Each structure stands twice: as C-alpha cells, then as structure tokens.
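Engineer: Chains as they are written, first to last, in this note's numbering: chain A, 5 to 688; chain E, 5 to 688.
If you are wondering where the hints come from, they were derived from the structure by calculation, not from laboratory data. Being a predicted model, the structure only gives us computed values, none of them experimental. Treat the hints with care, since some could be wrong.
Identical copies carry no separate label here, and so any pair may be met within one copy or between two of them.
What the hints assert, rightly or not - Simulated pairs of lysine-lysine, DSBU-like, Cα-Cα distance not exceeding 30 Å: (1) Lys442 - Lys195; (2) Lys364 - Lys329; (3) Lys557 - Lys422; (4) Lys415 - Lys599; (5) Lys383 - Lys557; (6) Lys652 - Lys329; (7) Lys451 - Lys195; (8) Lys626 - Lys590; (9) Lys557 - Lys329; (10) Lys393 - Lys364; (11) Lys557 - Lys626; (12) Lys652 - Lys590; (13) Lys415 - Lys594; (14) Lys329 - Lys55; (15) Lys396 - Lys329; (16) Lys451 - Lys393; (17) Lys396 - Lys364; (18) Lys195 - Lys626; (19) Lys535 - Lys12.
Residues per chain are reported as follows:
There are 2 protein chains.
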Amino acid sequence: MPAASSKKVAMDGNEAVARIAYAVNDVIAIYPITPASPMGEWSDMWASQAKPNVWGHVPHIVEMQSEAGAAGAVHGSLQAGALTTTFTASQGLLLMIPNMYKIAGELTPMVMHVAARSVATHALSIFGDQSDVMSVRSTGFALLASNSVQEAMDMALIAQRATLESRVPFIHFFDGFRTSHEINKIDVVDKACVQEMLPEAAVYAHRNRALSPDNPVLRGTAQNPDAFFQSREACNPFYLSCPEIVESSMQRFAGLSGRNYQLFEYSGDENAEVVFVLMGSGVGAIKETLPHFHAQGKQVGCLAVRLYRPFSITHFIAALPQSVKTLVVLDRTKEPGSVGEPLYLDIVSALQEGDRQSVKCFGGRYGLSSKEFTPAMVKGILETLEAGKLPKHFTIGIHDDVTHTSVAFDKSFHLEDKDTVRALFYGLGSDGTVGANKNTIKIIGEKTDLYTQGYFVYDSKKAGSITVSHLRFGPKPIDSSYLIQEANIVACHQFPFLEKIDVLETIQSGGIFLLNSPHDAASVWEHLPHKVQKTILDKQLTFYVIDAFKIAKEVGMGNRINTIMQTCFFAVSNILPEATVIAEIKQAIKKTYGKRGLSVIERNNQAVDLTLENLHQVQVPKKVTAHSNGHRWVPESAPDFVQSVTSKFLAGRGEDLPVSAMPVDGTYPTGTAQYERRGIADEV
Amino acid sequence: MPAASSKKVAMDGNEAVARIAYAVNDVIAIYPITPASPMGEWSDMWASQAKPNVWGHVPHIVEMQSEAGAAGAVHGSLQAGALTTTFTASQGLLLMIPNMYKIAGELTPMVMHVAARSVATHALSIFGDQSDVMSVRSTGFALLASNSVQEAMDMALIAQRATLESRVPFIHFFDGFRTSHEINKIDVVDKACVQEMLPEAAVYAHRNRALSPDNPVLRGTAQNPDAFFQSREACNPFYLSCPEIVESSMQRFAGLSGRNYQLFEYSGDENAEVVFVLMGSGVGAIKETLPHFHAQGKQVGCLAVRLYRPFSITHFIAALPQSVKTLVVLDRTKEPGSVGEPLYLDIVSALQEGDRQSVKCFGGRYGLSSKEFTPAMVKGILETLEAGKLPKHFTIGIHDDVTHTSVAFDKSFHLEDKDTVRALFYGLGSDGTVGANKNTIKIIGEKTDLYTQGYFVYDSKKAGSITVSHLRFGPKPIDSSYLIQEANIVACHQFPFLEKIDVLETIQSGGIFLLNSPHDAASVWEHLPHKVQKTILDKQLTFYVIDAFKIAKEVGMGNRINTIMQTCFFAVSNILPEATVIAEIKQAIKKTYGKRGLSVIERNNQAVDLTLENLHQVQVPKKVTAHSNGHRWVPESAPDFVQSVTSKFLAGRGEDLPVSAMPVDGTYPTGTAQYERRGIADEV
C-alpha cells in the first residue's frame, strides 16, 4: 500500500470544527450538550495545554451555568471586541434565542457552531435533525450548512471570514452525530490558510467597535414607536450584501485549498427534470444515487442549499437547470400545523419570485432524530413521483399507517461500493469495541492512502447496551451518509447477541464473519442459532472464531477483549501486513494505557501475541443442524403493549414499528423496565 | 341620551382577556412583562379578593422568577391535570420556547395569552408588533389572532374550548398596546356563556391525563432514532382536525353570543381583484378604508387570518373571492435574510397548493413596534399597486431612503367619522391626565349608549414625558385601530407645550381648543406662539382657557389639575348634561380618593365647583400678532447628530426621521442626555 498523505487526517466533525473555531477566536463560551459537547471539550483541553490560536495567544474558555449564560457571555464578550464563539444544539440553542436577536440586531460578527439535533417534543432525543436550527431562522443569524466532515472544517473557516466582512452573525451547522461524530479522513486546513482567510481590516473594525471608556458609545437603547421601524430597516444593506460576501469567501478559500463551494451547489444531470433540494448530510445519499439514476436514463439532480440565510433568490435560480420541472424539497424537521416545512416554503416563494412558478414542488420530511436516509429512500421517492403517487407533503423512512404520508421504498436496494471494505462490529457499551475501532481507523488512515469512515451507533443509555460500529475503508472518498447497508465483514464481540439480534442481517454473500465464542472451532456450530447457521451456509461466509475472554483472563485482563478483537479484525480483513498491524496496535496500547503502568501494557501486548494462534477458521458443515427459534424478548405473560411495542425496541427492531404503534403524546405504560432487564447486559 | 346597555362595559384588551382566562383556569403562572403585565395583575388582584372561577374555586396564582420559570410551572401544572394559563410577550415568550415544544409535543391543552410585542434587536422596545409570536410558530402551538378588544375577550374563550377539544395548545395573541391597552366599550361575555363553552368531557379527559401515582404512566421519555420519527408523526390527526374544531367552537360561540367569527374572515367587495391579507389590529384600518375604495369604484377586500396555525389551506381558499388577482400580504414583523416574512411565505404556498397560483403576491412590513397603520397607508399601498410601482417586498409607514422599500402615502388623508367625537389631551406623565381620561370614558360609557375608545400614548419612560390621550365617542362602533388623525377637540393641559410641540397639528376646522393657561382670556393671545395663533385663526377654532393651576392651588391641591381639566372637557364638549357630569365626577373622586380621607375629597369637589366659573371663551382677535419662531430644542453648539437626530426625538418628530438617519446597529453617540434635559419636565 502507498504511504498516507501527510495532509489527510481522520477526525470527526466536532474536532474538525473545533480546530478552526479554536484557531480564530479569543473567547469561547461553552456549555455541554450532546452532540456538540466535544467541540467544547477539545477547546477546553487545548487551552489547558496552552495551545495558541492564530494570533499567538490562548483563547479564554469560559464554562457557564447553562446555554442561556453562554449566550450572555458571548454577547458581552463580543461587545468587548473579542472574537467569540460557542457550540451548542437543540434546547441549548433555544436558550440562546433572546441574545441571538440582540447580537444580530447589533450587526455583531460571530460564528456559532451547531451540531444540529432534535428539539424535545413528545420525547427528548439526543439525535440529529435540523429542528433546532430551523427554530432560530427568525433571529437574523445567517445559516450556513455543512454536509460532511470535510465541509464542516472548511465552512467553519469560510463562515468566519464572511461574518467579519458582512457583520451578519452566522450559525454554521452540520447534522448531529452523522457529521459531528462521523470519523472521516479529511484534508486538514493548515494555519497559513486560516491566516489568509482572516480579513485583517474587518477584525480590526470589530475590535474597534468594542464598548470602551476611551471611545464611549451608547448601544442597546430602548426605542419608541417613532424610530424603531426605521432603525430596524437600517440593517438591510448588510443582509443584501451578505450572500456575495459568502461567495467571495468561498472563492478565496478555493484559491487557497483547491476545494470549491457555492451558495447553492448543483450536482447531477445538466438537463434534469427532477431535482432534490436539501441541506446537510442527506446530500451525500442523494449524490451517491444520481449515477444510478443516470445509468437508468433518468434526468435527476441535487441542489444542496449551503447558505440558507440570507437566502439569495438570484443564486438559487441561477443554480437550477432550465430544464427542471419538479423540485422535491426535503426538510429534516417537522413544524406541526404549518403550510409546509421551512425549506419547502422558502423554495416555493423563491420559485415564484424567480419567475420559475411553473416548477412543481413537493415537500418531504426525512431523517428526524437521526432516522436513516439512504439511496433506497431516494429511489423510493423518485419512483413514487414517477408513478404520479407522491403526496404534496410526504415522509420517507417510516411507515405512516395513520395519516398515510409515508412513501414506500425497497429496503434491499443499496449502492455500497464494491472496492470499499465495509465492516460491522457488534459490541457492548463500555466493552472497548468502539474505542478499538476508532484506533483501527487511525492506524489505517495513517498507514495507507485509503479513505476511511467510522460511525458508531449506541442508544442514549450507552453503558450496557449494544454498540454497532460501522467502518468503511477504500480507495475512493467515502460520502455515504448512512449506516452500512451491505457488510463484507461482520464481527460479533459478544456470543449471546446471536440469540437476540440478527447480526448477519446485512452481510454480503462470501463475506467474513468473526465471532468471539466460548466454543472452539470444532464445536461452535452446534451452539449457533438456526438463523445464523442458515445465513452462513446460504451466503457462503468465511467464518472465524476466537475465545477472546479466555485469552483476556489468561493474561490477567479480566473482560477487556478490545485489543484482541482488533487484532483479529486486521488478521481476517488483510488490509495491512501482519507485522505492521502488530507494531501499530502495540504502539496504540502504549499510548492508551501508558499512564496505568507497565504491567497493563505488558498484559495487552501478551494478549495481542496470543491472538493469532487462537484465531481459527471454522470448517462449516454442509447443512443447518439447529432447531432454535430465536430469542423470546419478553415472556408470554407480558402485557399487550410490551408484546407488540417494547419487545421490538428490545430486539433492536424499533424501526419496524409503524406510526399507529406509537403513543400520540409520548405517554407510555409503566413497569416495562422489568422486561428490558431481561435483555443484554446481565447475561454477559 | 338613551341609557347604556347593561351588557356593555368599557375595558382594555388585557382586562377583557384576563376575565376569561381567570374564569376558566385552575392555575395561572405569571411573570410581568410589558404590555402583558396587567393580565397577571388583574388575576392576582381577583385571587386576593377570593373571586372564584367558573368551577367555584379561586385559581392558584404563582409568580415565578422569570418567564422561563413560568413556562416550567405551566408545564408541570398541566401535567398535574390543572387547567393552566400564563400571559407574556416579547423576550418573555422566547424564554418559554423549550417548554412550549414539550407542551405541544405532549398534546396538552392550554391557552397562553400574548400581548404581541417587538423582540429586542438593535434596540429594546416595549411596543407592539408580532415578531414575538412569529418566532414561536415552529413550536406546534396553534396561533389564534384577535384584532380588537371585543375579539380579544371572545377569542380567549373560543381558544379555550378549541384547545380542550383538539388537545393542541394555543397561543391567543393580540397587538400589544393597540389592543392590550386600548379601552373600548364591548359586550361582556357572561358566566353562562363561559360555562356553555367549556366542553365537560374534554375537561375531564385533561384532568384524567394527570400524572398520578394512582394511575401511573410514563411521559417525557428519551427516544432513539428507531422510534422518534414515527412518534413525531403520530400527532398529525390532532393538527388536521384542529381547524374544524376551532370553527365549531366559533359556531357554538355565535349561537351563544350572536358574534360570528371564522378561521379566515373576508370583508369587502365580493368581486374584489385586490385583497389585503393580515392579522391583528391592522385589520381595523383596512376595513375602515374599504368603503372609501368602494365609493371610488375599486374592487378591494380584506382577508383577516384568524387561525394562523394550524393553517387550513381549504378554509383559506374558500374565503378568497374567485375574482382575486392580487394579494397584498402584510406582516407585522421582520425576519432579516428570509425570502419573505412568515405570513407572506405561507400565503404564497397556500395559493400554490390551493390551485390559485396565478394570484400575484406582494409582501409588506408594517407597524413594527407600534408604528401607526392608517387608512392613508392602506390607500398609499393600493395606489402604488395600481400604478404598477409596488415592490414585491415593501415597507409602509416609514421613509426608507436607503434600500428604497417604502411606499409613499398622503399623510393628510383620513377617514375620521364625522359623528364621532375625537378628543386629544396633552398632559405630562404623572400629572393625572391619563387617569382622568380613563374616568371620562367610564362615565360616558355608563351614562350613554355611545361607543367609546381610549388610547394613551407615552414613551417608555413614563414620568416626566408628554402623554397624549386619544378619546373617541360616538353612536357607531369604533374600529379605528390608530391614533386620532383629525381631532375636533384638543385640550392642552400644560401651557409650555405650545412652544415645543404642535398640539393643534391635527385639529379640524371649527374645532374646540381648551388650554390650561396662566394668562386669562383677555391676555392669553399675546402669549401664544405664532403657529398657535395662526392655526386658531385659519381653522376658526373655538378657544377656551382656564387657569387650572391657580384653582388647584386655591383649594390646596398643589399641582393636581386632572379633575379640573376633566370638568372643563365635559363643559366644552357638551356630551352630557352639566348636572350629570358634576355628579359623576364627584362620584369618581369619592371612589378614587376615598382612602385618602375626607379633606382630599372635599378639595377635589371644591375644585370641580370652581371650574366652570373660571372657564372662559377667548375672544379671538382678527390677526396673528406673534413673531415667535418656535422652540429651539437643542443649542446651536450641539453636535451634528444631536442637531439632526436627537432634536427630532425631543420635538416628538422622530417619525420624520428616514432610515438613513438611524445608526445601522443601534449604536448612538453618548452625552446627548444633556440636551434631553432641556426638554419638558424641568420647565413645568
């Protein structure tokens, strides 16, 4: 394999953004909220290490009592002339609204970075959608979207230049978890580029507007009806010129980095009749599906809205092919009672004003609270549209059997790249699987030129629950903004999972199955459930077992099997030479456990050495021998709701529940935790 | 004059709403914010008087530490099964947003009453517009608008029934100050009507959904990506049925009260080609202008949007005449950077979806922060439209010489009703003028069948500033939702005002001018400024003087001239027989000053008795004798900004300042208060 490029580094969206935000600000007011917290944590750590920003001083990090306090601190710090930022999401962003109106009204440059997350409604959710960002679209902040980890880093910087030059404050947002927590190998923006992007005169002007006894001004007055309205309109020129300023920031950045961005980015057929319009990570899924449509002779395109506010109708119309007859506008939010979701409403009006009123518009909701958005769904929407059956307002990704908004799609359709390794790892929260996989990405990223992507699924109570790691490695950039649809490697780190969840559901024919098993290669077959046996035979899998717990115990590591399973993965996947892998894993062990003393390092190294001799391929019999009917998640005595709903959640099949199965107002029966306790953790 | 109807009472919008809210709730969580505070104050007072609600118990009033606390208290109280409300505005409403998403997500019936007010941006403002209400349109709350004091009382009750039946929580809103503080003589909803409007089964169902150890349920869970989206869509049927429920509530109310309301209320020409679309008190100004257009042969209409969320496209389209070619959508808010203001965006999309896409739409901003909205402006918009010069997005009521959004209008045009007495009173904050005028309205309201309206203008620092009371009385209902454009009586309670402001600016020919003057009828002329003399002669005014301060001093009342001037007003206006007036004023004195002891009452009564013999008509000379050039507000040595901007504010002519005169970001020079101090209060 060729050596890795020195500029490319694997990191997640939060780190990518934090690196820029830290570099260009004097003050960072933080308050933790998932999924934005790591941005604050990185900043806090770097400051504690006395890492300087581009001006050579260490930013002042201030943690407040809530996001309302953080917003107040930001407002105050900006008024003192400091370049200031904050990171937030969801309710945290809502608490900042009053200050945001003031910051924007006073034309104060700043970039706030938002890992977009659901706002709590019938239930809280820590996961990603754009309902938080959309709820602040009235504040006068500009809204700039990133659709990937690379873009999150780039846009963070472009926004910083644009806010300083335009005086319009920015929210730079990217999808929570999908972008904030996805690890991707990206081109890192270097310090020279950051410096070139900062407009010196505008920085000076901002500092010069500081409230100061040396140059006193009055700001934050109370106005009466005689003057308020005129004053409110005085900001118009700043908003009118903002889109061009963002555009020129993007052009400058392109000159420095080679990466080109536009306010509205079109991709796909030049003569497209149907165009999808959306913001955020979902763009990845659509762009991946366009070649499929093209191959079918379908003229389809995708318009990614990058600068949502201020919305430039001119740029929007210019980006749209003349041939377009239908727009499918996708909103990652829901506003009950509205005529349509926000992006849809804006696009309908923009078409009207841009003299393209003959273009038909459909509005779809997708991806609420990190619900998947896949090429299969994109295809489902297009086919339903072609069949003349697309509702004016629809949902995609769920089964709405109540108000029948949902569009059907073929779940088996996928567009996984054959040259990309797609590996799934099933572990337990806190068993080290996720950490080991992050390490694996880093090793591959550094030792090869392969592109890498890592995404980790856990539910909101992390410890004791199942974790699923989705790793992709390959020679092409990886834009797939969704979970692995077809895996060529599946590793199950916990034997009891086999009875309970369908770990081989997405494995491809001829794939590799790696199992941590208390039973050896000779005897394991008889202990496998019927379904697992059948899949191994039907799909002709290559099947490996190792008793990782046994090795861990032998070397005195208790239940810590992560380095053992990591070594197995490298062995079966054959991505790197064995010697390199062993050396790298040992290097990682030294780094990770260095503080715990030599004996811990020694034990881990020993475990690695013992791994390969204990990893065995299973000689798979010719036929299924098991009669097991699978795990029963709840006893027959459980109440109806538990049988029909709770059991699905426990089995990891909540996806299958239709709208009619859900309480209308988030009210659930009590006493169901007793059934949940029969689940995973206690049996391991 | 005929006796007053027993059902009609003069009150302001806040009291009208508070009466209903108090009657139908168990718990009222309050936190004061202008202009919503009086609703909480009324409730608190009634509870302290142990006044029962319709169920016969005294509502629990709880004052919190902020609106965020009030929202939390509301959420908690609702979850305990109590019917609960709160009152707020502006930033107060913003602080409630996180709880509002939860309350709506959990389908919890409640009505929150909002006296709509500007959100602070470049400056704070306590005055009215709909920027607060629009900023919560994503929350899932229904939004129901009242356009007058009568409607505010009626809609408060209609909303209460609708929320209970639909389970969708409501914001009932009305324009801050214009409706919340306008006193109007309205039909009071009686207790029987309230009781008939409350749906017993739905009240019971709400109480039954309470979180209770006797019937435990789990509410407020955390959801994962597997289920959140489906759950979020489960509320759809409730939002879909909400408009019909509001409609049926309105029908039931019509049966009980005789007052008919609709989701979208159309008035004007049945074959209108141009229709104005808006919400709130501005509807009054447009409806008054429609007969003028009709008389000119112009086919114009007005569509008042009453139920803004959930927005029913079906009802909207049905309310719109088939003949319409152009809609002028007026938003009382500004969202910088958006494609258009919220109502405009919704209407454009609703036309598209309702198959009326050929109708052209214009979007206008008006009335920000209690900026006036008058028939002259309505006419200005229509004429600019007819001339083909209306910008797609425009402003009305200001002069935008920067981005040229503003539409011109003829300030001299007005539609004041000839049969309505229109009286203006200039007083000083805290001099008792406003209180006396409120008393006057009450007396006229109770002793005649005349309709009454009172509106009081003061700037945000009340004491020491000029107050202007606008009183209308007449045989027809008074819907004029703007200041008096042409007065037939002007009373100036402070002689020094004559030098400083144009108190006779709007007086009609042949009008009455009442002046509190230290100079007697024989000598006053020589003390009048040039402009005042000229207006008296040009407009052939009937001119009365009284030295109210002299009388007040004589009877030992110091500077309290309010009852004296009130008596004069009745004398010169001739609305009621002299004997009735004297008796009523003395009755009011007894009520107002009863607690201060007999001597205060006696002194006031004496002042009243002395008034009429000291009130004299001035024999106006034939020509202007004065040479005064009016008051210079700031010295010539003052800085440019003070000369050009501050001086306008001081002269009460802030209205005349164009957009270009205003700082873009709310930043003002300091040290200007020294000029302000040369203003009013210290000289009186």
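Engineer: Work down the list of hints and note, for each, if the structure agrees.
Structural biologist: Each hint, compared with the structure:
1. For the identical chains of this complex, lysine 442 and lysine 195 are intra-copy neighbours only, at 26 Å inside a copy versus 68 Å across copies, given an alpha-carbon limit of 30 Å.
2. In this assembly of identical chains, the alpha carbons of lysine 364 and lysine 329 lie at most 30 Å apart whether taken from the same copy (6 Å) or from different copies (21 Å).
3. Within a single copy, lysine 557 and lysine 422 get their C-alpha atoms no closer than 38 Å, and across copies no closer than 99 Å, so neither meets the 30 Å cut-off.
4. Taking the closest pair of Cα atoms, lysine 415 and lysine 599 never come within 30 Å of each other, the shortest separation being 47 Å inside a single copy and 80 Å across copies.
5. For the identical chains of this complex, lysine 383 and lysine 557 are neighbours neither inside a copy (49 Å) nor across copies (88 Å), given an alpha-carbon limit of 30 Å.
6. In this assembly of identical chains, lysine 652 and lysine 329 lie within 30 Å of each other by CA distance neither inside one copy nor across copies; the values are 42 Å within and 54 Å between.
7. Taking CA atoms no more than 30 Å apart as the test, lysine 451 paired with lysine 195 passes inside one copy only; the shortest distance there is 24 Å, against 80 Å between copies.
8. In the homo-oligomer, the alpha carbons of lysine 626 and lysine 590 never lie at most 30 Å apart, since the shortest distance is 39 Å inside one protomer and 109 Å across protomers.
9. For the homomeric pair lysine 557 and lysine 329, neither the shortest alpha-carbon distance inside one copy (65 Å) nor that between copies (82 Å) is at most 30 Å.
10. In this assembly of identical chains, lysine 393 and lysine 364 lie within 30 Å of each other by CA distance both inside one copy and across copies; the values are 14 Å within and 29 Å between.
11. In this homomeric assembly, lysine 557 and lysine 626 never come within 30 Å of each other (Cα to Cα): the closest approach is 34 Å inside a single copy and 116 Å across copies.
12. Taking the shortest Cα distances, lysine 652 and lysine 590 never come within 30 Å of each other, neither inside one copy (41 Å) nor across copies (77 Å).
13. Proximity of lysine 415 to lysine 594 under the C-alpha cut-off of 30 Å is found in neither arrangement, the shortest distances being 43 Å within a copy and 81 Å between copies.
14. Neither within a single protomer nor between protomers do lysine 329 and lysine 55 lie at most 30 Å apart by alpha-carbon distance, with minima of 53 Å and 64 Å respectively.
15. Taking the shortest Cα distances, lysine 396 and lysine 329 sit within 30 Å of each other both inside one copy (15 Å) and across copies (24 Å).
16. Within a single copy, lysine 451 and lysine 393 get their C-alpha atoms no closer than 50 Å, and across copies no closer than 66 Å, so neither meets the 30 Å cut-off.
17. Proximity of lysine 396 to lysine 364 under the C-alpha cut-off of 30 Å is found in both arrangements, the shortest distances being 10 Å within a copy and 21 Å between copies.
18. Taking the closest pair of Cα atoms, lysine 195 and lysine 626 never come within 30 Å of each other, the shortest separation being 60 Å inside a single copy and 83 Å across copies.
19. For the homomeric pair lysine 535 and lysine 12, neither the shortest alpha-carbon distance inside one copy (42 Å) nor that between copies (79 Å) is at most 30 Å.
Of the hints listed earlier, those the structure fails to meet are numbers 3, 4, 5, 6, 8, 9, 11, 12, 13, 14, 16, 18 and 19, in rising order.
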